[in-house]
Amino acid sequence: MTILAVAAVSSASELETLVKEAQETSPLVLVARAQVEQALQKHRELTEFFDIDFFAALGKADNQRDLPIQSGYTELTDKAIDAQLGLQVPIEPGAYVALGGARRLLTDPPGYDELYQTMYGVRVRVPLLRDRGFRNYNLNRAIAMAEYNAAISHLLAVTQDVRHSVEIAYIAAYEALSAYRISQGATKRFQGLLDEALALDKLQAIPSYQIFHAQLELQIGKDDEEKARNNFAVSLVNLANTIGVTRTMALAGDQSALLNAAAGARELTLIPEDLALEARGNYLTAKNEIERVRLQLETSLEAQNDDINLYFGVTVQGEDPHKPWEMHELTTDRRVGGEVAIVWRRKFDYRGDKAREAQFRIRIGELNESLRKQALDIHQELETALLQHRAASHRLDLVEKGIEAAKKHLAAELERFSLGENSSNNVTDAQKNLTTILQRQSTATADLLRAKAKYLHATGYRLPAEATPVQNERK
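Under my numbering, the first residue of the sequence shown carries the number 341, and numbering increases by one thereafter.
None of these hints come from the bench; they were simulated from the model.
As the structure is a prediction and not an experimental result, all values here were calculated from the model.
Take the hints with a grain of salt, since some may be wrong.
No more than 20 Å apart at the CA atoms, straight line, and that leaves these computed lysine to any residue pairs for SDA-like [unchecked claim]:
(1) Lys-528 <-> Ile-551
(2) Lys-794 <-> Lys-748
(3) Lys-400 <-> Tyr-436
Label-pair ranges, simulated between beta-carbon atoms [stated by the list, open to error]:
(4) Ser-596 <-> Lys-713: 39 to 45 Å
(5) Ala-435 <-> Glu-385: 22 to 28 Å
(6) Asn-403 <-> Phe-688: 22 to 28 Å
Beta carbons: idealized from backbone N, C-alpha and C, even for Gly.
With the hints as constraints, model all of the structure from the sequences given.
This is the structure in structure tokens:
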């Protein structure tokens, strides 16, 4: 493996480590994960539909009369001390079973002073149309699942955005480091020019006034160096904030890491736009939100159906004048009884449900336009990233050719100056030209890396087999 390849691998490893840390510490990611957990718990919450309802009552009634209100419990038997116990449970595929029992002490039965009575029974309700309870349960579960999927998609979008932010901050940090090192190099060149000017002045090979210009450029260079140092320090703070930490950051590589990384960034792997859409978290979030509202619309339509139910039940009853657990036919000649009934219910109008239906239809139209906007934005990201990558690659080719020319020009100016045939102004201009072209190289390299990072983010970091490698060739 070449030295350049080793440096590229080291840089990639450092970036991947920082990205992985950001996925664990970034507040944005942690918030999105908490939202996923909430959505999952909401999905589990709906299983309470199958919870068994228990009922128990104990009391005494004497000359009981029906009240024109809901009592909230099964009415007690008149002229008796009554104890009742029962339960109700829904069962698949769509029936409701109620089981119950009662034991009573009748205080004024015909022909007896007191009489113990025991009764057991079962009632089943079977919806004949679409079952409202089970249907709503299934719809609510589907809605909760759509919300969970939306939360997962949102988490994916957040992790993609955080990764992209870390990549951009990481590139900016190395760009700032490169600018700092270039400024340091410029300062050293200005210092070297000043030292040579002083030496030539002692030999009276040049006029003394040429020293002053070299001193001025040295001080300006030191100011530029200090600004670059501060910008680099700020970029490390920004990188730490993007990751979600407060520790002091440090980069493993040096100025050359930026150029080495650019060597592997010339190639982009193109994928079809439809595959990019399906990999982007924000696009998937919008699709899941549409599915959630569509299910809500289905719920409002379900609520407008009539309600027809078949009821049937069986009871067993018996009495005994002395023992509460004996069952004899004393007050009736039939111990077993039953019921069968069909009950139909509907509203006169469904104004609220129809209004909700209209609201959900409008909301679906709104979300479809939002989804289309997401697709347009992703298309724009892909196209602009490709254009920026191509332009940065060509710019890098141009400045790399200019660097060699700038170095040769500076060497020629320095040679003329050392012979006393040149002014310090010309040398400093050549030095500044070299600094400028080096800065342009650093900027073009960072732009190339940013363009590739932007393209990878636009594709959802998905590189399938259908991808087409495309390389911007050097000119």
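Against the structure, the hints:
1. For the suggested pair Lys-528 and Ile-551, the alpha carbons sit about 16 Å apart, so the restraint of at most 20 Å is met.
2. Between Lys-794 and Lys-748 the CA atoms are separated by roughly 36 Å; this puts the pair beyond 20 Å, and the hint is violated.
3. As the CA atoms of Lys-400 and Tyr-436 are separated by approximately 29 Å, the hinted pair breaks the 20 Å bound.
4. Between Ser-596 and Lys-713 the C-beta distance comes to about 42 Å, which sits within the given range of 39 to 45 Å.
5. For Ala-435 and Glu-385, the hinted distance range of 22 to 28 Å is satisfied, since their beta carbons lie about 23 Å from each other.
6. For the pair Asn-403 and Phe-688, the supplied restraint of 22 to 28 Å is violated, since their beta-carbon distance comes to about 38 Å.
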